[in-house]
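> The chain contents come next:
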Amino acid sequence: MNRPGVSGPGTTTLADDVGDLYQQVILEHGRNPRHAGRLTAFDASAKGDNPMCGDRVEVFVKYAADGTVARTGFEARGCAISIASADLMAEVVAGRAPADTRAMFETFRHMAQTGDCPDCDATMEKLRPLAGVHDYPSRVKCATLPWHALMAALDGKGSATSE
Amino acid sequence: MNDAFPAVGFDVARIRADFPILAQTVRGKPLVFLDSAASAQKPRAVIDAMVNCMETQYANVHRGLHWMSERTTDAYEATRDAVAALLHANDRTEIVFTRNSTEAINLVAHSYGRGIMKAGQAVLISEMEHHANIVPWQMLRDAHGTELRVAAVTESGELDMEDYAAKLADGRVALVAITHMSNVFGTYTPIERIIRLAHENGAKVLVDGSQAVVHRRVDVQALGADFYVFTGHKLYGPTGIGVLWARHELLEAMPPFMGGGDMIGSVSFERSTWAHVPHKFEAGTPAIIEAIGLKAAIGYVEAIGYEAIAAHEAALTDHALARLATIEGLRVIGRAQDRGGVVSFTMQGAHAHDIATLLDRQGVAVRAGHHCAEPLMRRLGLDSTARASFGIYTTHEEIDVLAASLERVREFFV
Ligand SMILES: Cc1ncc(COP(=O)(O)O)c(C=O)c1O
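Protein sequences, first through last, are from chains A and B. Going letter by letter, the first sequence gives residues 1 to 163 in this note's numbering. Going letter by letter, the second sequence gives residues 1 to 414 in this note's numbering.
Hints are computed from structural coordinates only; laboratory data are not their basis. Every residue gets a Cβ at the ideal spot worked out from N, C-alpha and C, and that includes glycine. One or more hints might be untrue.
FRET-style restraints, in silico, Cβ to Cβ [as the list claims (entries may be wrong)]:
#1 B:199 x A:27: 21 to 31 Å
#2 A:75 x B:202: 43 to 53 Å
#3 B:17 x A:115: 51 to 61 Å
Some but not every residue of chain A turned toward chain B, in silico, with C-beta under 10 Å [unchecked claim]:
#4 13
#5 22
#6 82
#7 98
#8 138
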């Protein structure tokens, strides 16, 4: 019998196969997220829930005096993609006005679904490593879940789902 | 094939040849399908039976006076005989066709729950039920004032019999609804003891056989059960067809579930009378083609034989547990003695979804998530697990591929 799925010498490695999805940046942020944890003081928070797979995230937002997002923290139980996405999100929304943040979500969602980002500026380019999810339809929601929670927090709602 | 584990009279290569889909490649690799507990693949015999029905003898059932309808009715009703024989039912009228296990349980929750049970009586389930055997009883509780009790599961993934007995003790439990085989742990529950204890305490028992009937011979009379449900698509049959078996006197006493054509004796605007059991519970045009497919699936499984299937799958499961035990950081969830070919696991440093995606890239299909058993996951302190499950067509070699692929996943994340 042949040996299905086994890659012998000279064939591609697992890293070659999934490198589009699990880029080094994602593995790093997934393993050692910098913004993980509940903020000691926050102005808004919301939970995100993906009922299909059981991923959960809670996002905490602290506003600056001018109403921009000063800091974001999160607590998550989920896969490498969702944790890396939450961490990168916290990085890119720092200092942004809520309206800006909403626009960034729309840009990011488009990128996650299509792999393209025609209007990506330098900040949004930081999210580019997540664009690989577009090839894995069941994983797109892993990447967008933290953003759904953030949007709910900005809107003063307690919870969101990525359904 | 691994020669260390021969199953007498069981030729897995020949069985695989009966399943056209197993010749497919996924992402350029041969399909290693280890998700049969979610839904099994279909043998040629099932596909042919359904196509043949549509091509040569199809009409609506129980209503035409013409040749085609009579032949189709015969074929549809022959499935009832096949299911009655499969479960060793006392009588063919004890077999009710539903869409799936979920609908069969909802039927009982409605017709037995609301129709026969009284407010203040209790339904007892276990912590390791599928959502299909939880939510209908919650709906019954909220609509009808029954209580819902939950018997604990031990760390090893077995029913806590002490807790089970304690929750029966006050005699208020009218119905125990419990799985025959867990879709998360692969554990078989000690169903004869469960049923005996329930009956001693005045409770009827519904057994969720969705997983068990695929792997073991089920004899509802020997078990002493009152209700037994299963779903066709896990038994190598089509989707859209499931089964409720219940004791004749229970079906007689229960009011109908849904109203419509086929389930009536006569209808006037003032009142209608019900058809005889089991037709009273089969409103509307049934899943005719799917029922015919189910008969072919039962015939296929019976021809191989449950004894051979059980031996093959026991060897596969032993092999899988031995191989997975060598993978660092991998933890198999549940260590029940009596278990079948369903293995859930977690891996340190890798989330179940990441495991599933990386296995998929290597051509290996497993399930990841809460397996429609969120309360059980919470009880275990887990959000999700990866689950490999085996069927009659699974080979030892595929399990070796799973193990080798998991080693690569571990290297990737650690
Ligand atoms: C133990 C158990 N019960 C019930 C079900 C529900 O089956 P179905 O979705 O076909 O109704 C399943 C399968 O998902 C199961 O594994």
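> Each of the hints needs a verdict: does it hold here or not?
Hints versus structure:
1. B:199 x A:27: 21 to 31 Å: 56 Å, violated
2. A:75 x B:202: 43 to 53 Å: 47 Å, holds
3. B:17 x A:115: 51 to 61 Å: Once the Cβ atoms are compared, 39 Å apart, the range 51 to 61 Å for residue 115 of chain A and residue 17 of chain B is violated.
4. 13: This interface hint holds because 8 Å falls under the 10 Å limit.
5. 22: Holds, because the Cβ-Cβ distance from residue 22 of chain A to chain B comes to roughly 7 Å (cut-off 10 Å).
6. 82: Holds, about 8 Å.
7. 98: 30 Å, violated
8. 138: It holds, given that the least Cβ distance between residue 138 of chain A and chain B is near 8 Å, below 10 Å.
In summary, the structure is inconsistent with hints 1, 3 and 7 from the numbered list given earlier, while agreeing with the others.
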